[in-house]
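Trainee: Turn these sequences into a full structure, and let the hints guide you.
So the protein sequences, as listed, match chains A and B.
Just so it is clear: in the first sequence, position 144 is 144 by our numbering, and no numbers are missing.
Just so it is clear: in the second sequence, position 44 is 44 by our numbering, and no numbers are missing.
For the record, the hints were derived by calculation from the structure and aren't laboratory data.
All clues stand as given, with none of them false.
In silico SDA-like cross-links for lysine to any residue, where the CA-CA straight-line distance does not exceed 25 Å: (1) LYS75/B <-> VAL99/A; (2) LYS303/A <-> GLU47/B; (3) LYS75/B <-> ASP85/B; (4) LYS91/B <-> ASP341/A; (5) LYS264/A <-> LYS303/A.
Just a few of them, taken from the derived set where beta-carbon distance is under 10 Å, the chain B residues facing chain A: (6) VAL8; (7) LEU19; (8) LEU41; (9) PRO55; (10) LYS91.
Ideal placement from N, C-alpha and C gives every residue a C-beta, glycine not left out.
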Amino acid sequence: MELYYLSIGEASELLRRREVSSEELTRAVLARIEELEPRLRAFVTVTPELALEQARRADRRLREGDAPPLCGIPAAVKDNICTQGVRTTCSSRMLENFVPPYDATVIERLFREGMVMVGKTNMDEFAMGSSTENSAFFPTRNPWDLSRVPGGSSGGSAAAVAAGEAVYALGSDTGGSIRQPASFCGVVGLKPTYGLVSRFGLVAFASSLDQIGPITRRVYDCALVLNAIAGPDPRDSTSAPRPVPDYTAALIPEIKGMRLGVPKEYFPEGLQPEVRDVLLKAIAKLEELGAEVDWELSLPHTKYALAAYYIVAPSEASANLARYDGVKYGFSFTKGESMWDDMENTRRLGFGAEVKRRIMLGTYALSAGYYDAYYLKALKVRTLIREELEEAFQKYHALLTPTSPTVAFALGEKVFDPLQMYLSDVFTIPVNMAGIPGISVPAGMADSLPVGLQILGPAFGEETILRLAYTYEQATAWHTLRPAL
Amino acid sequence: MPLSREEVLHIALLARLGLTPEDVSRFQEQLSQIVDYFEVLKEVDTEGVSPTFYPLPLENILREDEPSPSMPREKILSNAPRQEDWCFKVKAILE
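Mentor: Shown next as structure tokens:
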């Protein structure tokens, strides 16, 4: 097997036994990036010199012995996570030349573990989108079919991992932006419970919804990365003040007697038939492995989650993106008549259409006369969605759903209809609204394109969903499939 | 359409987003379509329901008031489009 397709577990073992060095592994990954990037375009910035420097440092540490499991393993980072000294653009003209003066907490933690960073990945601008077509620079392509989208907004990260351009990657998820691209690209993607992973250094989109999470080729790898990044952070006052377990200890392939609910609302008429078939087989597999599956669960407020989200997220975004005014950093228009003129033009030229659309939606929903009818109403609906899910977890250990209603769609297919695009997140959005964790695992193929199974757990129930995902993975072979690049 | 042209211009002003006339028409149509979709929330009875601002029940996260070094000024200004005398420089705000 090619070095660049090793899992973290496999690579870590070879590094420990000195059968391969981090420098060799990193060179293999960098060569793969060089080979594929003209066709794939998963990266905004590739950092080969930095990566090799970090690899050599990792090799010294590995020689001394007692290096942590992520030491020397090449990874990619979504370009909305601040990396000191390395351009962080959010795939926007607004931040095209922005170089952060600090590392995000997750980056500090991963560098301490010996991560080798190969580059920053492409995304939908400011994380707003479901296809990576909203990148101000270029779209990323799906490694399984280059005429199709990789999903979004963490499309670059998911594509890189699927294609062997990184052993693992970091993404961020506000309405499905880790899970949906993971599903489209046939890899594992986890959105942790809100508050589990620090948001310090994550460029904010919607502060009550955003979370950083791992994108990997194996569930075990996902647990390893989560171990490194999870945990309270004094610099993020929304991070949960609770100790973090060893998530790898939860990976016991034993699920007999676990009660799993399948919410009816997630298997609607409009679900692509091939996707439905894959999901039915995957759920049958879990039953075969000993779980008790109940198809009678109903979550009636599910259908309101999309509308509520498209009020809440843009509202929060309108506040978070107010800082882009051309004064302290980023793109700056200076040929105006007045300061306001400069500011309005900075924002007109620096932001893409989808970003502007959402800022406008949010500004409208928060404005005088509309705040109660829209923002407050949406937050009350959010409470009902959350309570409904909490109640379900009184009866079930976890819930099973498709990650996305369709497989990866064609580039250009949905760009002209914003509302159509929003529908691709209908199964992932309620999870962010409730703040609970969700993981997407490869569950099969439909028309030669990957389909993901989404497993949801109660707040801080990562151990449960990882265990289910692991058990399913170990009993199937989807994780061994590779795109024909 | 739920949104008038004047409303779109007003929102753009609040958000300090410069819009071309084509932008205004396009956004008026798209935003109206999306806002129409929001009507579905009227079906939900939220009488007596409190809003969820954040999913975690955290309140008043405090720390000791201990001074620590701030980020050095060079770093803070390192991305400044225009600067002078350790300040960010903009056009006059007050006439």
